[in-house]
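Asker: Sequences listed follow chains A and B, in order. First residue of the first sequence: 3, per the numbering used here; consecutive thereafter. First residue of the second sequence: 4, per the numbering used here; consecutive thereafter.
Please keep in mind that the hints were generated in silico from the structure rather than gathered at the bench.
In silico BS3-like cross-links for lysine-lysine, where the CA-CA straight-line distance does not exceed 30 Å:
1. B/K293 / A/K137
2. B/K30 / B/K234
3. A/K189 / B/K293
4. B/K30 / A/K269
5. A/K137 / B/K296
6. B/K296 / A/K189
Short, incomplete list of chain A residues facing chain B, as computed with Cβ under 7 Å:
7. H182
8. G185
9. V187
10. W256
11. V263
12. F264
All residues carry an ideal CB built from backbone N, CA and C; glycine is no exception.
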Amino acid sequence: MRRNRFRLLLAAWPLLFPLLAVPSFAQTAETVCIQCHGSQPGPLGAPVAAWRTSIHAANGISCHNCHGGDPTDMANAMNPARGFLGAPKENDIPAFCGRCHVGVKEDYLASAHGRALGHGGPQCVTCHTNHAVQKATPDLINSQSCSRCHDYGRAEQIKAAVVETDRRITEVDRSLADLHRTGIVTKEMEDELFSLRNRFHRIFHSVDVDKVRSQTADFQTELQKIQGHITAIEAQLQRRKVWGGVVVALLVCWGIVALLVFESYRKEK
Amino acid sequence: MGLGKKIADFIDVRLGVRDILEQNLTKYLLPRNINSWYTLGAVLLTLFALQIGTGILLLVYYTPTADGAFHSVQRIMNDIPFGWLIRTVHAVGANVIVLALLLHMLSVLFMGSYKPPRELTWVAGFLLLLLSLGMCLTGYLLPWSQLSFWATTVATSSSGEIPMIGDAVLRFLRGGATVGQATLGRFFALHVIGFPLLFGLLVSSHLFFVRRVGISKPPFGPDWRPTEPPKAFHHEEHPGGIPFFPHYVAKDGALVAFFLALLLAVVFFAPTLFFPPATFEPANPFVTPKGIKPEWYFLWAYQTLKIFPSEFLGLAVQGVAVTLLLVLPFLDRSPERRPVRRPLFVAVYLLGIAIFLALGVWGHYS
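So that you can see chain A by itself, here it is in the shape it has in the complex (with noise of 0.2 Å):
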């Protein structure tokens, strides 16, 4: 009976290996929307893809964010009842746009941009384009663009204008990934970015070129308050590298001085 026992602990032992919980890592499944509009060909799967690049995905933000419907329900994914909105018509779209981009949109429809929206003006996507929407940089100011409509003159000068704050928003920007990677809490200082690059990127809207040229400078020097902690936290990780290097010349230095007495205690016989 006991042998019996032992016979059934031994054959089930593999069995029980899972609890060692050796990790599987899988997959778990995506939204209703981008389990039906992925598969289909065409214009019905073609936002799906264009999504997958663009800086909403990489934050996160699904098609329900901008669409409504409900992502967990099939048969209700497209229903209005449960907040479905659809595709806006061309007018509207700097409204479904700026239920999250709020400031730019106040800038926008205040400008000649806005105040021409639905007389051949330019809304959101024309310059952002939509599923496939990037992070904005001042490249998006570019004589193609807008010479589709205007001279590029103006434009010229609003993007000479923002092109250097804009360059340092993005290198205090990567600073801060760095740090984060390495540990150091930067939640602060990338909220201070986050409203700063904000408040800084609505008022190309406004396209208004002294406007821009005037705030330029609180830009400026909001930036550098960020850059010197940062340049702070940096020195302070390569104390420790050159403290850590002596820990270790001294561990190699020990273990090298360890050896050599071992080997003498071996002549010695």
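With chain A fixed as given, assemble chain B onto it according to the hints.
Answerer: What follows is chain B alone, placed relative to chain A:
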């Protein structure tokens, strides 16, 4: 006479401590041809002590709740003096321990030191390896990061594949249907109390077995001959050998220093080597991070599960492999330990290492 000597004499008269030290240090003789692989035991003991020390210090500030764990680890890393050092040494140390354990196991296998009469030493050591992997896994959840949360979610979901009792086991491990506060509480208790107690017992047993049976002589050199396993207890002596102290302790010290240098080199110069980006994001049950992969020592298992058509089949194959290793001394009864006289074993041994590495690399890039 100094106070120190008076105290030492007082204790020695009552407990005979000098004799114990002499028998286990200066009069404890090791084989003359003992090699560097034998130092891995001392290396591992040092690393275990470091894990216990840093673990206790982390406990001072760590909060084992779903709401507070991630914040407390962030606080340790950013606000507590030397907290970053203690936490990084603890996390990187776990990886170095697994590396040293694997090297220790491979050297014992190569030299056939697991063979009779050392079966119990092998079993205790192999269980220590499995328990260490268990400690790595339970420790993984504690920071309550995205990596912690999702790694534990998928790792525990594997147990749901066991026929009939899978769901019950899954719920038992998680303390509910999903990974949450109950899981964190369970893993925390196992990581800081349950497993360490078992670990201490196994380490003590392993050391006792090593000391009681005697160190095995490396199976190299012209005078080595296989001996039949003893029918009665026999302590293997090494007359004319080198004293454990100070001779071999010097070599132990050298290897301990090199391993600590390796550990600290990673801590100071490549601190993110074992920390993917998801380590620094708080757990979010609604967002699955992309490309989440297990630690390097689980990659072989991860890839094995992907090769087989069913997850249960993959787990069963892993279980069989682990079981075969555990009971190896009871299957391989030949007294021959010299690698040159064991070509089949050495071929399987090398093939096993190659498969482990190939599956690991494949798993990493898949």
